[in-house]
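*Asks:* This is what each chain is made of:
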Amino acid sequence: MSSTARKKRQSYAARNRPGRKRANRLVRIRDLEFSHEGRFGDAATLFKGVNLDVYRGQVVAILGPSGTGKTTLLKLIGGQLSPAQGSIEVDGEALSMLKRKGLYQLRKRIGMLFQSGALLTDMTVFENVAFPVREHTDLPEVMIQDLVRMKLEAVGLRGAESLLPAELSGGMARRVALARAIALDPMMVLYDEPFTGQDPISMGVLIKLIRELNRTLRLTSVVVSHDVQETLSIADYVYLLAEGEVIGKGTPDQIRHAKSPRVQQFLRGEPDGPVPFHYPAEDFATQLLGGIE
Amino acid sequence: MISLLHHWLLQLFSIFRRLGRGQLFLIHLLGGVGVILLRFRLVIQQLYAIGVHSLLIVIVAGLFVGMVLGLQGYNTLVDFGAEESLGVLVALSLVRELGPVVAALLYAGRAGSALTAEIGLMKATEQLSGMEMMAVDPVHRIITPRFLAGFLSLPLLTAIFTVLGVFGGYFVAVPLLGVDDGAFWSQMQARVDFYDDIQSGVIKSVVFGFVVTWIALFEGYDATPTSEGVSRSTTRTVVHASLAVLGLDFILTALMFGA
Amino acid sequence: MMKQNRALEVWVGLFVGLGIAALVVLAFYVGNLSSYNSNSGYLLEARFDEIGGLKPRAPVTISGVQVGRVTAIHLDNQEYRAVVRMEIDPEKMPLQRLNEQGEQLFDEQGNVQLCDKNGVPPACSTILFEDAAASILTAGMLGEQYVGLEPGGGALAFLYPGDEVRMTQSSIALEQVIGQFLFNQTDKDQ
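Residue numbers (this note's numbering), protein chains in the order written: chain C, 1 to 293; chain W, 1001 to 1259; chain L, 2001 to 2190.
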């Protein structure tokens, strides 16, 4: 990192000293508002005033029903989308202030695990993991080989290095993607629905990996998911999102014992409750009668 | 009525937005040319996928188009006792028009659709997005090499198509129909002008290569990331690229050969 | 992996090589690039009453051998005649060496001594005499038109590069020939 950027970061930390924990904060989201743009310029609001903090070294889980924009939230943190309102700061840098170059510098320190794995289909497992290393460094081939095999060993797939992504099972693909995400030794890894569509064994493997990598590589992890039990079992802190708002936050225990009916409905998986079973519609009887006329 | 008008206006608006996005996309991808030329291996890989894979269809089509031209031309020219001019007829029609246009249409169908589908699927499977999160610009890393390779491939494919077409015409004219060997070549060489004919044919193929590759890549990059969206983009690539080739051909012909 | 790369490179090399070879074939075998010699020729001019369908780039020949091309055609405003400028390839119709009196020089075998391509007057002249003639001819009945030069021989002096060929025979239009023929026929009948 350039010295000016470091200075900027220090001065930022100095300005925000009141609490000691501030310096430890890696992601700070305030009053976030975001809407998806529809095909003809209409908009669907995803977030209305979300506040969220991620502290260094923690595994932070963001839970919520599908369609609440959890993936969008990760893209906002990664700077792929920009918010309509509010601020997002990552590692002390406000994303809205960053130019393209600064954003790319920041992204080199962030790994992201996509739901689909997002492996490059025309490259072997080895080349996929080597991809970010080759793109961003001029390391000699021997060192790249060692580095890639180390990362593959960490996810237990060193033996699969010559396979193509199409030859991998879903769980294996996700582990390869994880190896790729940590290839450049990032400070933070974002996990997008890591447990979706996994059999119990791969799920167990992934849970173990997320927890262990977070500890051994001193990562910070943000896990976005709707699998309640698995996520609660590894998280240090949990945010519950629904309808564009944070409806609950706290340690897994605090969440489990929260009194809010919406939180309880989500945790227990009840079909109807504060979050209605029916998609908003006009009264059914009226609609039926209207059809007759 | 008003809602229909409203709908049309919105459609028009979205067409202009697409055009604008296409321009920005072009500028973005051209910005990566410098970096990619230093990593020419990436372009070579794409030359294989785009150029070499289109070779067979271009060779076969070139031969047959030339043979048909020879046959048809002979039947017309023989009435005027001018069958010696068959070489001129075959060569001029191929060099000026059929070579660049037919090769570009084949290229749009063979390589253009493949490019769109590939990029569209990469987008649908989050590969482009994933690259962006790895701090790698997907437009520079993925699109620019393909653009350069396509831009280089089409003029070469066109030249191959044209030469094989001329030989196809020769095979029909000389051994089959008994046109004089010497007259076939000498008349052709006397009448096909390097600057007027061949150079303008090459200019056409360069322009077509640029435009068809651009359309194909943009359609892929701009595709709705679903299987339906990718399939619609692929169709659009073939239709739009073919129309662009035919329209541009008229404009270029008017510019170069005089209205 | 390595082997696969090599095959790929061979194929791409083959493709590019084939493409470039095709361009070369187009330029030299299908087209006429081989007949262009960029700017190395010398100029001659001729004025015609009627050029018919003569176009720039039409061939210039002597006894049917192509020695150059028409480079430009324009109208002489004073005389209302067409000025045809021709570029002659010195490889095909060379310049000859002259002595101070403007006479040809011969070597031991009795051959005319030639200048190299860049020879300049008055030491070098064309091999055409001053009474050389230029006519506009048609290849076949309906073919393209070209300029035919005749070297002359009655005069002692030679034409220099850039000179004008004074004796000209204009293009003969088919209508004129037919008209003349009919006119002669009616004359005979009377």
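One or more hints might be untrue.
What follows is a set of in silico ranges between Cβ atoms, one per label pair, in the way DEER data are often shown [to be verified]:
hint	chain 1	residue 1	chain 2	residue 2	range
1	C	D236	W	I1027	39 to 49 Å
2	L	A2007	C	P200	27 to 37 Å
3	L	G2052	W	L1243	39 to 49 Å
4	W	I1203	C	Q105	35 to 45 Å
5	C	G156	W	I1203	50 to 60 Å
6	W	L1030	L	E2175	57 to 67 Å
7	C	R256	W	L1009	51 to 61 Å
8	W	L1030	C	M143	32 to 42 Å
9	L	E2175	W	I1027	55 to 65 Å
10	W	V1035	L	V2083	48 to 58 Å
11	C	K101	W	V1060	46 to 56 Å
12	L	V2083	W	R1017	56 to 66 Å
13	L	G2102	W	Y1195	31 to 41 Å
14	W	Y1195	L	V2083	52 to 62 Å
Rather than coming from a laboratory, the hints here were simulated on the basis of the structure.
Please read all numbers here as calculations on a predicted model, not as lab measurements.
Each residue gets a CB set at the ideal place from its N, CA and C atoms; glycine is no exception.
*Asks:* Next step is simple, just say for each hint if it's right about the structure.
*Replies:* Hints, one by one, checked against the model:
1. At roughly 45 Å, the beta-carbon separation of D236/C and I1027/W lies within the given 39 to 49 Å, and the hint holds.
2. Range check, A2007/L to P200/C: about 44 Å between beta-carbon atoms, so the 27 to 37 Å window is missed.
3. For the hinted restraint 39 to 49 Å between G2052/L and L1243/W, the CB-CB distance of approximately 42 Å keeps it satisfied.
4. Evaluation of the 35 to 45 Å hint for I1203/W and Q105/C yields a pass: the beta carbon distance comes to about 43 Å.
5. Evaluation of the 50 to 60 Å hint for G156/C and I1203/W yields a pass: the beta carbon distance comes to about 57 Å.
6. Checked against the given bound of 57 to 67 Å, the beta carbons of L1030/W and E2175/L, roughly 58 Å apart, stay inside it.
7. At roughly 53 Å, the beta carbons of R256/C and L1009/W sit within the given window of 51 to 61 Å.
8. At roughly 34 Å, the beta carbons of L1030/W and M143/C sit within the given window of 32 to 42 Å.
9. At roughly 60 Å, the beta-carbon separation of E2175/L and I1027/W lies within the given 55 to 65 Å, and the hint holds.
10. Taking the beta carbon of each, V1035/W and V2083/L are about 55 Å apart, inside 48 to 58 Å as hinted.
11. The hinted window of 46 to 56 Å between K101/C and V1060/W holds, with their beta carbons roughly 49 Å apart.
12. In this structure the hint that V2083/L and R1017/W lie 56 to 66 Å apart at CB holds, the actual value being about 57 Å.
13. In this structure the hint that G2102/L and Y1195/W lie 31 to 41 Å apart at CB holds, the actual value being about 38 Å.
14. A hinted range of 52 to 62 Å for the beta carbons of Y1195/W and V2083/L is inconsistent with their spacing of about 23 Å.
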